[in-house]
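Student: Going line by line, the protein sequences match chains C and G.
Numbering (the numbering used here) for the first sequence: 1 to 552.
Numbering (the numbering used here) for the second sequence: 1 to 552.
These aren't lab readings, by the way, just hints derived from the structure by calculation.
Please note that the accuracy of each hint is not assured.
Remember, identical chains collapse to one label, so a pair may be satisfied in a single copy or spanning two.
With a cut-off of at most 30 Å between alpha-carbon atoms, the simulated BS3-like pairs for lysine-lysine come out as follows [unchecked claim]:
| hint | residue 1 | residue 2 |
| --- | --- | --- |
| 1 | Lys383 | Lys507 |
| 2 | Lys254 | Lys295 |
| 3 | Lys530 | Lys474 |
| 4 | Lys343 | Lys291 |
| 5 | Lys376 | Lys440 |
| 6 | Lys538 | Lys477 |
| 7 | Lys295 | Lys343 |
| 8 | Lys343 | Lys254 |
| 9 | Lys153 | Lys376 |
| 10 | Lys474 | Lys369 |
| 11 | Lys507 | Lys530 |
| 12 | Lys507 | Lys127 |
| 13 | Lys444 | Lys343 |
| 14 | Lys510 | Lys153 |
| 15 | Lys254 | Lys59 |
| 16 | Lys369 | Lys507 |
This one's a predicted model, so the numbers in the text were calculated from it and none came from an experiment.
Now for the letters of each chain:
Number of protein chains: 2
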Amino acid sequence: MQGLMQDWSMTLDKILDHARANYPDVEIVTRSIEGPIHRTNYGRVWERAKQVSHALADKRVVQGDRIATLAWNTWRHLEVWFGVSNMGAVLHTINPRLFPEQIAWIANHAGDKVLFLDLTFLPLVEKLAPNLHTIETYVILTDREHMPQTSLKNAIAYEDFIAGRPTDYRWGDFDENTAAGLCYTSGTTGDPKGVLYSHRSNMIHAMCVNQKDCFAVGVEDVVLPIVPMFHANAWAIAFIGPMAGAKLVMPGAKLDGPSVCDLIETEGVTMTAAVPTVWMMALQYLRETGKRPGKLRRVAIGGAAIPETVLRAFEEDYGVEVVHAWGMTEMSPVGTLGALQAKHANAPIDERMRLKLKQGRALFSVEMKIVDDAGKELPHDGKTFGRLLVRGPSVAKAYFRNEGARRPDGTVLEADGFFDTGDVATLDPDGYMQITDRAKDVIKSGGEWISSIDIENFAMGAPGVACAAVIGVKHPKWDERPILIVEPRAGADAPSREAMLAHLEGKIAKWWMPDDVVFVAKIPIGATGKINKLELRKMFQDYVLPSAQAAE
Amino acid sequence: MQGLMQDWSMTLDKILDHARANYPDVEIVTRSIEGPIHRTNYGRVWERAKQVSHALADKRVVQGDRIATLAWNTWRHLEVWFGVSNMGAVLHTINPRLFPEQIAWIANHAGDKVLFLDLTFLPLVEKLAPNLHTIETYVILTDREHMPQTSLKNAIAYEDFIAGRPTDYRWGDFDENTAAGLCYTSGTTGDPKGVLYSHRSNMIHAMCVNQKDCFAVGVEDVVLPIVPMFHANAWAIAFIGPMAGAKLVMPGAKLDGPSVCDLIETEGVTMTAAVPTVWMMALQYLRETGKRPGKLRRVAIGGAAIPETVLRAFEEDYGVEVVHAWGMTEMSPVGTLGALQAKHANAPIDERMRLKLKQGRALFSVEMKIVDDAGKELPHDGKTFGRLLVRGPSVAKAYFRNEGARRPDGTVLEADGFFDTGDVATLDPDGYMQITDRAKDVIKSGGEWISSIDIENFAMGAPGVACAAVIGVKHPKWDERPILIVEPRAGADAPSREAMLAHLEGKIAKWWMPDDVVFVAKIPIGATGKINKLELRKMFQDYVLPSAQAAE
Numbered sequence: 001m002q003g004l005m006q007d008w009s010m011t012l013d014k015i016l017d018h019a020r021a022n023y024p025d026v027e028i029v030t031r032s033i034e035g036p037i038h039r040t041n042y043g044r045v046w047e048r049a050k051q052v053s054h055a056l057a058d059k060r061v062v063q064g065d066r067i068a069t070l071a072w073n074t075w076r077h078l079e080v081w082f083g084v085s086n087m088g089a090v091l092h093t094i095n096p097r098l099f100p101e102q103i104a105w106i107a108n109h110a111g112d113k114v115l116f117l118d119l120t121f122l123p124l125v126e127k128l129a130p131n132l133h134t135i136e137t138y139v140i141l142t143d144r145e146h147m148p149q150t151s152l153k154n155a156i157a158y159e160d161f162i163a164g165r166p167t168d169y170r171w172g173d174f175d176e177n178t179a180a181g182l183c184y185t186s187g188t189t190g191d192p193k194g195v196l197y198s199h200r201s202n203m204i205h206a207m208c209v210n211q212k213d214c215f216a217v218g219v220e221d222v223v224l225p226i227v228p229m230f231h232a233n234a235w236a237i238a239f240i241g242p243m244a245g246a247k248l249v250m251p252g253a254k255l256d257g258p259s260v261c262d263l264i265e266t267e268g269v270t271m272t273a274a275v276p277t278v279w280m281m282a283l284q285y286l287r288e289t290g291k292r293p294g295k296l297r298r299v300a301i302g303g304a305a306i307p308e309t310v311l312r313a314f315e316e317d318y319g320v321e322v323v324h325a326w327g328m329t330e331m332s333p334v335g336t337l338g339a340l341q342a343k344h345a346n347a348p349i350d351e352r353m354r355l356k357l358k359q360g361r362a363l364f365s366v367e368m369k370i371v372d373d374a375g376k377e378l379p380h381d382g383k384t385f386g387r388l389l390v391r392g393p394s395v396a397k398a399y400f401r402n403e404g405a406r407r408p409d410g411t412v413l414e415a416d417g418f419f420d421t422g423d424v425a426t427l428d429p430d431g432y433m434q435i436t437d438r439a440k441d442v443i444k445s446g447g448e449w450i451s452s453i454d455i456e457n458f459a460m461g462a463p464g465v466a467c468a469a470v471i472g473v474k475h476p477k478w479d480e481r482p483i484l485i486v487e488p489r490a491g492a493d494a495p496s497r498e499a500m501l502a503h504l505e506g507k508i509a510k511w512w513m514p515d516d517v518v519f520v521a522k523i524p525i526g527a528t529g530k531i532n533k534l535e536l537r538k539m540f541q542d543y544v545l546p547s548a549q550a551a552e
Numbered sequence: 001m002q003g004l005m006q007d008w009s010m011t012l013d014k015i016l017d018h019a020r021a022n023y024p025d026v027e028i029v030t031r032s033i034e035g036p037i038h039r040t041n042y043g044r045v046w047e048r049a050k051q052v053s054h055a056l057a058d059k060r061v062v063q064g065d066r067i068a069t070l071a072w073n074t075w076r077h078l079e080v081w082f083g084v085s086n087m088g089a090v091l092h093t094i095n096p097r098l099f100p101e102q103i104a105w106i107a108n109h110a111g112d113k114v115l116f117l118d119l120t121f122l123p124l125v126e127k128l129a130p131n132l133h134t135i136e137t138y139v140i141l142t143d144r145e146h147m148p149q150t151s152l153k154n155a156i157a158y159e160d161f162i163a164g165r166p167t168d169y170r171w172g173d174f175d176e177n178t179a180a181g182l183c184y185t186s187g188t189t190g191d192p193k194g195v196l197y198s199h200r201s202n203m204i205h206a207m208c209v210n211q212k213d214c215f216a217v218g219v220e221d222v223v224l225p226i227v228p229m230f231h232a233n234a235w236a237i238a239f240i241g242p243m244a245g246a247k248l249v250m251p252g253a254k255l256d257g258p259s260v261c262d263l264i265e266t267e268g269v270t271m272t273a274a275v276p277t278v279w280m281m282a283l284q285y286l287r288e289t290g291k292r293p294g295k296l297r298r299v300a301i302g303g304a305a306i307p308e309t310v311l312r313a314f315e316e317d318y319g320v321e322v323v324h325a326w327g328m329t330e331m332s333p334v335g336t337l338g339a340l341q342a343k344h345a346n347a348p349i350d351e352r353m354r355l356k357l358k359q360g361r362a363l364f365s366v367e368m369k370i371v372d373d374a375g376k377e378l379p380h381d382g383k384t385f386g387r388l389l390v391r392g393p394s395v396a397k398a399y400f401r402n403e404g405a406r407r408p409d410g411t412v413l414e415a416d417g418f419f420d421t422g423d424v425a426t427l428d429p430d431g432y433m434q435i436t437d438r439a440k441d442v443i444k445s446g447g448e449w450i451s452s453i454d455i456e457n458f459a460m461g462a463p464g465v466a467c468a469a470v471i472g473v474k475h476p477k478w479d480e481r482p483i484l485i486v487e488p489r490a491g492a493d494a495p496s497r498e499a500m501l502a503h504l505e506g507k508i509a510k511w512w513m514p515d516d517v518v519f520v521a522k523i524p525i526g527a528t529g530k531i532n533k534l535e536l537r538k539m540f541q542d543y544v545l546p547s548a549q550a551a552e
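So that you can see chain C by itself, here it is in the shape it has in the complex (with noise of 0.2 Å):
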């Protein structure tokens, strides 16, 4: 028997149109990128996203067809991300950040047919434009009197684009399920991957990422996403800004402490996210100024793990609520948040610091489960640690034209519909999660793992150790044996085989001993700025452990 309510499909569109109707004059404030402070609201956005659609098809773009960005937070992204989700084009956020050639090879897997740019990017899209295969039209996110002279064919500034443009253009009225973003993840091995999100993934990820212990944004809030919306939907903020009526300060292209900072302090800003890089440059700046974070009573923090000393200075220093979350671009992107639970309210501090820095709870509508490699589920104890598997409506089951696909019908997922993490982590009781390691990173000795990341992080405490990575080899009897790699500190006295062993005894499980410590002058390091431990099997393909001679 089905139910009797209403057939209102979950469209982005709803969106814009309850901030219209509910916040027309709330603001959206932008650090432009021309320079100065730019101030427009919700009832603005509103018609201009409509007169970008309007635009856009005038353009033939039509549904599906793929636009992209290149561009900062600023009004102007949120213009074009709404005007091209909600006519039923894919708005295709491409970050910056990759390498170049990079980049290309995107923009021509997506086929975007129009690329949106701010004048920051223009002179790596002018070099890039020979291989841009398919994109028609590029628009500059500027006005007539900033823009450039340009190499670039069918160039237009955004403001001319959408002059005179009508603001009675037919949003949604379409399948909830229909295509709105394309994000690729910058996968540190083979080429990147585009997952495609839906109207709906994308609105019920919002109202469960704005419930009350993950983003809790209200209208009274005023919200500073610093995560770009280049990345994941920045988060959903994007979404969840209009929805709940707060306020918006984007940051254009300055991310550094004092510009943040400044615009917590001038904006008022109560609520605001980041990756903890940005968080130590802030909070290096306002412990070199002794200024402190205006009305800030909450960020949230994720994208990597979070780093003891920033949760402490949030929390202790400053009185500012971390939340810290984790998840993935698959995940669109918000997987698990870290806030606690009532029983934990008279926790001493540093066990209440403890659970805030393990990854945290599933967000509600995200199913987490860990296994061992049969795909047999593994106990919640907190100790035990498995294959990280999530299930959800805003979780990925397959990529961009079939990318990396392992079942007939496209979709990358196991056999009870599950998508893999590719991360190794423990859970406990109350649910909360751990990583423990990348699930290629584990060592598989003897048909148990062995987590790298656990045998690194003592390691790292070892005197004269400058950093260490630990691999695991191929051994003929235990399939894998953990090796510890050591790059000694310069000008400290190298530690020696026997110290680096003697210095983890006691401190792991015995049959977690490396059987073997190896120096090297240097190990390696990736873009991302973690250790590159592809490269490190490649070092050490060859290399026979002193144990497998004994076995054999």
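Given chain C's structure and the hints, the job is docking chain G onto it.
Tutor: Leaving out everything else, chain G in the frame of chain C:
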């Protein structure tokens, strides 16, 4: 182009699964019908709800079957709630405050197969049983020890009904538009009509109601739903609790001031919801005893317009934030919420109170408009009033068994898919809605509308008036004209016709002035405490206006 996100059906079993995975030991505390305080948690409620599903399946209950409850807010009601819906059956919550013959009519109309009832309602149901034609099993929500003698055939104690059942019932796995719940409106005219909620409508509604500006319940909250679970989903709290991991405090049958305030204090309640009359009792108790409402930080008030004294007592005397909500059974039920915007933060307190007394802004996912008799949309100027129409994923499109259908497809909607609330309201430029009248009470004079309630409110303030009502009577020229009906206060000097009109002069538009004033000994009051205008219109159906005689 379709997005590539997972197909995840929004079925309500996901809510309880989420609670079990993340907050298994968060409590549900109940003032039990048997007397003592009872404590359980989400982990155990999950298990026992599975047992309910098994027990019902044993009674050959299948998807689509209607299963009724006549019950207060208790942990057992919560178990039945999820046990029924999660297996695809339809939970029919019957309002025990209806007339007994209405209860029987409703149960027969719904075709209920099983009835779960509290001990409180056993005498009532025993009397009704001969007229209950579809119920095969009666489950008394108690244990064997408290099971009374009963004349009901096939009656069983709840604890015996579920005892020893397995906990592995497979929930969900069906379309999210599947019917989940059935609730009849206690329509003032005609037979009650059934609103058939779907899994989807209930889940979206719960996500929206729990946004920061509405209920804002998180894992550290302790929530006391005084609003009964038989009133339109307890305003979504039975879903929000397990979704957010909040501790639930269930008041059972005792909703008086001392009982409610005792629970608030002893259980550390932070958020609660009820109709205004409950608060009037509770506030009186607090005032008389000098007690304070413990840790309470937020109350949701709805179901009837909120008296200013209640609003001010909470906000000014006790520092408790009031969320004024408006809705109706057909809206799941919440339609609007009263949160103020940032720009009102510095408004004088009286202006803030005036805004908070309005019915509020649209909940996200609710679209509202006001239209004239021809269906033309009216301006949002805060003055013009028109029929209030609503649209959204949690708004009814039809009633059970096509009752009241206006269209061949069985729906009751307007041509553009909006639902007519039957209210007349204004909307201001910020979306704040204010109900000015019931549509059927509005007086239509010369093509314009006159609000009966506005005139009544002024007339009530005249000396010597106990009660005042305004209705429209037929007029040959103007179609309808208002007359003022006055019940003089006992013991006071009865006011004169002239004095009444003089009192209104200057307060209302000239053409709103009643054409006559009539005095009656008693103005009829309906079961809900409101003026019975239907009865009044009957009393005055043959009344001829002096002005009508003049016009003829």
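Student: Indicate, hint by hint, whether the structure satisfies it.
Tutor: Status of the hints after comparison with the structure:
1. Lys383 <-> Lys507: within (15 Å within a copy, 73 Å between copies)
2. Lys254 <-> Lys295: within (21 Å within a copy, 43 Å between copies)
3. Lys530 <-> Lys474: within (23 Å within a copy, 82 Å between copies)
4. Lys343 <-> Lys291: between (34 Å within a copy, 26 Å between copies)
5. Lys376 <-> Lys440: Answer is within; shortest intra-copy Cα gap is 18 Å, inter-copy 63 Å.
6. Lys538 <-> Lys477: within (22 Å within a copy, 95 Å between copies)
7. Lys295 <-> Lys343: Both, since 28 Å and 16 Å are each at most 30 Å.
8. Lys343 <-> Lys254: between (41 Å within a copy, 28 Å between copies)
9. Lys153 <-> Lys376: Answer is neither; intra-copy 56 Å and inter-copy 47 Å both fail.
10. Lys474 <-> Lys369: For lysine 474 and lysine 369, the Cα distance is within 30 Å only inside one copy (29 Å; across copies 69 Å).
11. Lys507 <-> Lys530: within (24 Å within a copy, 73 Å between copies)
12. Lys507 <-> Lys127: neither (53 Å within a copy, 72 Å between copies)
13. Lys444 <-> Lys343: Answer is neither; intra-copy 37 Å and inter-copy 59 Å both fail.
14. Lys510 <-> Lys153: neither (65 Å within a copy, 67 Å between copies)
15. Lys254 <-> Lys59: neither (32 Å within a copy, 66 Å between copies)
16. Lys369 <-> Lys507: within (27 Å within a copy, 66 Å between copies)
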